[in-house]
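Going down the list, the sequences are from chains W and B.
For the first sequence, UniProt numbering gives the first residue as 1, with consecutive numbering after it.
For the second sequence, UniProt numbering gives the first residue as 1, with consecutive numbering after it.
Any given hint could turn out to be false.
[Unchecked claim] When the alpha-carbon atoms are kept at most 16 Å apart in a straight line, the in silico EDC-like pairs for lysine to aspartate or glutamate are as follows:
#1 W/LYS413 <-> W/GLU274
#2 W/LYS170 <-> B/GLU387
#3 B/LYS230 <-> B/ASP415
#4 B/LYS413 <-> B/ASP194
#5 W/LYS178 <-> B/GLU356
#6 W/LYS390 <-> B/GLU133
#7 W/LYS230 <-> W/ASP201
#8 B/LYS170 <-> W/GLU387
#9 B/LYS390 <-> W/GLU133
It is worth saying that the hints were derived from the structure and are not from the lab.
This one's a predicted model, so the numbers in the text were calculated from it and none came from an experiment.
Protein chains: 2
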Amino acid sequence: MAAAAGRCVCRLPLVTRAVRRPPVTSRGVIRPLGAAAAVTDRHRPPVGLSPLSGGGPGRRYSVQAAGQPAPLHQVVKAVNNRTSGCVDLVWNFGSVTPFPYVWLRDSCLCPDCFHPTTLSRSLRIDQLQVDIEPQSVQNDGAAQQLVVTWPDGHVSRYPHQWLRERSFAKRDVNARRKQLDGPKTVLWDRATMDRHLLRVDYDRLVGGDLATLHDALHHLIVYGLVLVRKAPTDFGAVEEIGETLGHVRPTHYGKTFRVASKVDANNLAYTANELAPHMDLTYYEYMPGVQMLHCISQHIGDGGESIFSDSFHVAEVIRARRPDLFHLLATVPFEFADIGEEAESRSRCRFHKIHERTMFCMDEDGNITQVATNNPVRSYRLNVPLELVKPMYEGLRMFNDLCRHPDNQLTFKMDNGDVAVFNNRRVTHGRLGFTVTEDSQRTLEGGYVDWDDIMCRYRIVTDLLRERP
Amino acid sequence: MAAAAGRCVCRLPLVTRAVRRPPVTSRGVIRPLGAAAAVTDRHRPPVGLSPLSGGGPGRRYSVQAAGQPAPLHQVVKAVNNRTSGCVDLVWNFGSVTPFPYVWLRDSCLCPDCFHPTTLSRSLRIDQLQVDIEPQSVQNDGAAQQLVVTWPDGHVSRYPHQWLRERSFAKRDVNARRKQLDGPKTVLWDRATMDRHLLRVDYDRLVGGDLATLHDALHHLIVYGLVLVRKAPTDFGAVEEIGETLGHVRPTHYGKTFRVASKVDANNLAYTANELAPHMDLTYYEYMPGVQMLHCISQHIGDGGESIFSDSFHVAEVIRARRPDLFHLLATVPFEFADIGEEAESRSRCRFHKIHERTMFCMDEDGNITQVATNNPVRSYRLNVPLELVKPMYEGLRMFNDLCRHPDNQLTFKMDNGDVAVFNNRRVTHGRLGFTVTEDSQRTLEGGYVDWDDIMCRYRIVTDLLRERP
Numbered sequence: 001m002a003a004a005a006g007r008c009v010c011r012l013p014l015v016t017r018a019v020r021r022p023p024v025t026s027r028g029v030i031r032p033l034g035a036a037a038a039v040t041d042r043h044r045p046p047v048g049l050s051p052l053s054g055g056g057p058g059r060r061y062s063v064q065a066a067g068q069p070a071p072l073h074q075v076v077k078a079v080n081n082r083t084s085g086c087v088d089l090v091w092n093f094g095s096v097t098p099f100p101y102v103w104l105r106d107s108c109l110c111p112d113c114f115h116p117t118t119l120s121r122s123l124r125i126d127q128l129q130v131d132i133e134p135q136s137v138q139n140d141g142a143a144q145q146l147v148v149t150w151p152d153g154h155v156s157r158y159p160h161q162w163l164r165e166r167s168f169a170k171r172d173v174n175a176r177r178k179q180l181d182g183p184k185t186v187l188w189d190r191a192t193m194d195r196h197l198l199r200v201d202y203d204r205l206v207g208g209d210l211a212t213l214h215d216a217l218h219h220l221i222v223y224g225l226v227l228v229r230k231a232p233t234d235f236g237a238v239e240e241i242g243e244t245l246g247h248v249r250p251t252h253y254g255k256t257f258r259v260a261s262k263v264d265a266n267n268l269a270y271t272a273n274e275l276a277p278h279m280d281l282t283y284y285e286y287m288p289g290v291q292m293l294h295c296i297s298q299h300i301g302d303g304g305e306s307i308f309s310d311s312f313h314v315a316e317v318i319r320a321r322r323p324d325l326f327h328l329l330a331t332v333p334f335e336f337a338d339i340g341e342e343a344e345s346r347s348r349c350r351f352h353k354i355h356e357r358t359m360f361c362m363d364e365d366g367n368i369t370q371v372a373t374n375n376p377v378r379s380y381r382l383n384v385p386l387e388l389v390k391p392m393y394e395g396l397r398m399f400n401d402l403c404r405h406p407d408n409q410l411t412f413k414m415d416n417g418d419v420a421v422f423n424n425r426r427v428t429h430g431r432l433g434f435t436v437t438e439d440s441q442r443t444l445e446g447g448y449v450d451w452d453d454i455m456c457r458y459r460i461v462t463d464l465l466r467e468r469p
Numbered sequence: 001m002a003a004a005a006g007r008c009v010c011r012l013p014l015v016t017r018a019v020r021r022p023p024v025t026s027r028g029v030i031r032p033l034g035a036a037a038a039v040t041d042r043h044r045p046p047v048g049l050s051p052l053s054g055g056g057p058g059r060r061y062s063v064q065a066a067g068q069p070a071p072l073h074q075v076v077k078a079v080n081n082r083t084s085g086c087v088d089l090v091w092n093f094g095s096v097t098p099f100p101y102v103w104l105r106d107s108c109l110c111p112d113c114f115h116p117t118t119l120s121r122s123l124r125i126d127q128l129q130v131d132i133e134p135q136s137v138q139n140d141g142a143a144q145q146l147v148v149t150w151p152d153g154h155v156s157r158y159p160h161q162w163l164r165e166r167s168f169a170k171r172d173v174n175a176r177r178k179q180l181d182g183p184k185t186v187l188w189d190r191a192t193m194d195r196h197l198l199r200v201d202y203d204r205l206v207g208g209d210l211a212t213l214h215d216a217l218h219h220l221i222v223y224g225l226v227l228v229r230k231a232p233t234d235f236g237a238v239e240e241i242g243e244t245l246g247h248v249r250p251t252h253y254g255k256t257f258r259v260a261s262k263v264d265a266n267n268l269a270y271t272a273n274e275l276a277p278h279m280d281l282t283y284y285e286y287m288p289g290v291q292m293l294h295c296i297s298q299h300i301g302d303g304g305e306s307i308f309s310d311s312f313h314v315a316e317v318i319r320a321r322r323p324d325l326f327h328l329l330a331t332v333p334f335e336f337a338d339i340g341e342e343a344e345s346r347s348r349c350r351f352h353k354i355h356e357r358t359m360f361c362m363d364e365d366g367n368i369t370q371v372a373t374n375n376p377v378r379s380y381r382l383n384v385p386l387e388l389v390k391p392m393y394e395g396l397r398m399f400n401d402l403c404r405h406p407d408n409q410l411t412f413k414m415d416n417g418d419v420a421v422f423n424n425r426r427v428t429h430g431r432l433g434f435t436v437t438e439d440s441q442r443t444l445e446g447g448y449v450d451w452d453d454i455m456c457r458y459r460i461v462t463d464l465l466r467e468r469p
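Just chain W, with the same shape it has in the complex:
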């Protein structure tokens, strides 16, 4: 059941166009590729190039693109504009796009400047003259390439289409930056999520069904919540799902964690309390990106329902109704702490995590990018000026009340075999209270995956689906 240690269980088909890239350029050592490392796509035409593929040109096509189907954009004239320090390209559709000399020299695609097997830039910055000017500039219409000759005789050739996709026109720059973010987030209240909650079968998800995997990743990015159904009611499913969506991220609680509410010899009258909406591990500077919670054995009887809400939506409501509190929660931090010892069989470590963070994080445009709250591990040390103490609690209370509001809160009881997968930096989770009896045991397994790996997997699956015959 459990994936082998250290092995990625991702079952993505390895199509022939995939290139093998050794762990090289970012690792400090260059290693030649062996005979097995055939690069199979270096002569593909530049059509269909994903605008996300910001890497080296050799990854998707070679500079020998001539003879292939004509691309959309062609340069009809190249002007060496010494006044602006740019080569101005005039395109077949009439627009003019300038390319600065230094960028052109830095972006030379010849085998001396772009390493042919490691597929990344080998020209070093200390080899780059920032004030460089071309000796000559020529448009090779037949080859659909710009040809630049430099003062030392070095010649650089750039495919038209490749240049077009790197234009410095404001509209193009903005479009590229937008695409880096991936699919656009859709905020939700309960009614929206009632309509849009995606349920996928475990076997299809981890079994390599690309459409299912794509849907799950897409919904996770857009809505932040997906329900996986019919998982085996045993430990291990979380790791399988984690390695399908990305890579399981260990914490001081281990690679995955097991939680159970049950009658304990020392604690017969124990009550499993209601748990208010929260995010996990807010005392990590790097909060886990996505959480998986697998219901292995649900509580029998009343209570124990899971609750979820979209904190981004809630934050926007606060911004609209109480901009003063929104500003406070976006600028003044709470402290979170977790101190103790993890003595589970798989690891035995003391831990002492502390981190101070604002509840809301925003990007430079004011979009909310992260929300963090967790009442039980919120520290009793509140390191803020006295006059902000009461407003901070007003903010906490307003946030909590909005998350719990029936218009916002999604409530359902997970079945055995259900796995809730949710954005731990956006979607609050919690649980309604219940009473533990002799007859009921509630057992879950949880784990985390980070967004770097999820976005990575999403791009790959999107490409694979696009390339399907």
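Given chain W, put chain B in place with the hints provided.
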């Protein structure tokens, strides 16, 4: 040699005062502790309480502190100040510190509000009335406690010393926030690092010698570079060190990665180029915090020296000399990308990572917190306005030249068995070029650890050393 999968090999002594804390409050499920989970320190006096311990009070001492040696700070009078909405405490040293009502109610330490076995706040925000006022306030001098009775009859007791350490006085708030950062960073040039480079023996470090571990962690925090010596010249040492300093963080290259420059059947004339100063994995939103590079087999002959420099120091030089370039590099992003397939035996995954980031990151006070640069994986897509292109290259060039300057760059050739451990968000690493011959093979193993876990381990080791008899 290699640590067992999923098992923390940390050999920290488990002293009796350690409390066992189940993975509970941050995980969404409350689980009672079993009989083995004795909390052994709940009756320790509040003396010696680390100001970093921002967690629940039960972690270090109980509210039954009476009868223990007298603490430093005592309340001589408690005044219920309804005008300010605070309880004003008058201390034996004459100062007055106000504590807001709502904070006091939120911070009640009774077993109903502070969960006695999970050791965290069980009072929920929806149970907290933000406008609450005490019915009565009393100073219990004998018990050294403030006693507050609330309108519903609920009684809260707070040890004087515990309150003192949570004072809202500006000086105290600032001091606490400062301590969260840990030891202060010391910027370095080559001469400074020549004097301060810490060399520790592998066996002492991973063998549980607390003083060695403390020194290594402290230097890693302060200077960002430590050299571990006499490691076994075989794979596995990186994982041992990683689990000693924190937890090994996997990436799409696996849990650790192996790099080798050697004569390859397909590439006899291969030259291992100079590698300019860089950080690893700049295309991850969450760049690894610390890197370990273990020299298993060094190149025989000229070249192959490792180079390191302190990018924080370099950034400060740029800020002083060229504030315009500093501002640019701190506000306008570069794009980084890594696209390919990891086909090493231990994992087989396609990857497609892209991230856009500024070279310099700062905190709200303008202190540099992170630097990221990596020329080979810097994308050819430069998503900036045309007029910023040339200045961006000026910045890259100035940064690189300063890193490479003999006054700044530390250069040494690692011996077999050396492991360089360095802050991957601060210390640039690189390598001088060399020529591969039939006689020489250069083999390294690398891996990463994140700062959350390193700071965590540092706090624990510091506590353990302090508690030594």
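Right, here's what the structure says about each hint:
Distance restraint check for W/LYS413 and W/GLU274: the Cα-Cα separation of roughly 14 Å lies within the 16 Å cut-off, and the hinted pair is therefore satisfied. Proximity of W/LYS170 to B/GLU387 is assessed by CA-CA distance (about 11 Å); at most 16 Å being required, the pair is judged to hold. Restraint check for B/LYS230 and B/ASP415: satisfied, since their Cα atoms lie roughly 9 Å apart, inside the 16 Å limit. In summary, the hint linking B/LYS413 to B/ASP194 is supported, as the alpha carbons are separated by about 14 Å, within the 16 Å threshold.
Of the pairs offered as hints, the one joining W/LYS178 and B/GLU356 holds, with about 11 Å between alpha carbons and a cut-off of 16 Å not exceeded. Distance restraint check for W/LYS390 and B/GLU133: the Cα-Cα separation of roughly 12 Å lies within the 16 Å cut-off, and the hinted pair is therefore satisfied. Annotation: proposed proximity of W/LYS230 to W/ASP201 holds, straight-line Cα distance about 6 Å (limit 16 Å). For the proposed pair B/LYS170 and W/GLU387, the alpha carbon gap of about 11 Å is at most 16 Å, so the pair holds.
The hinted pair formed by B/LYS390 and W/GLU133 meets the criterion: a straight-line CA distance of about 12 Å does not exceed 16 Å.
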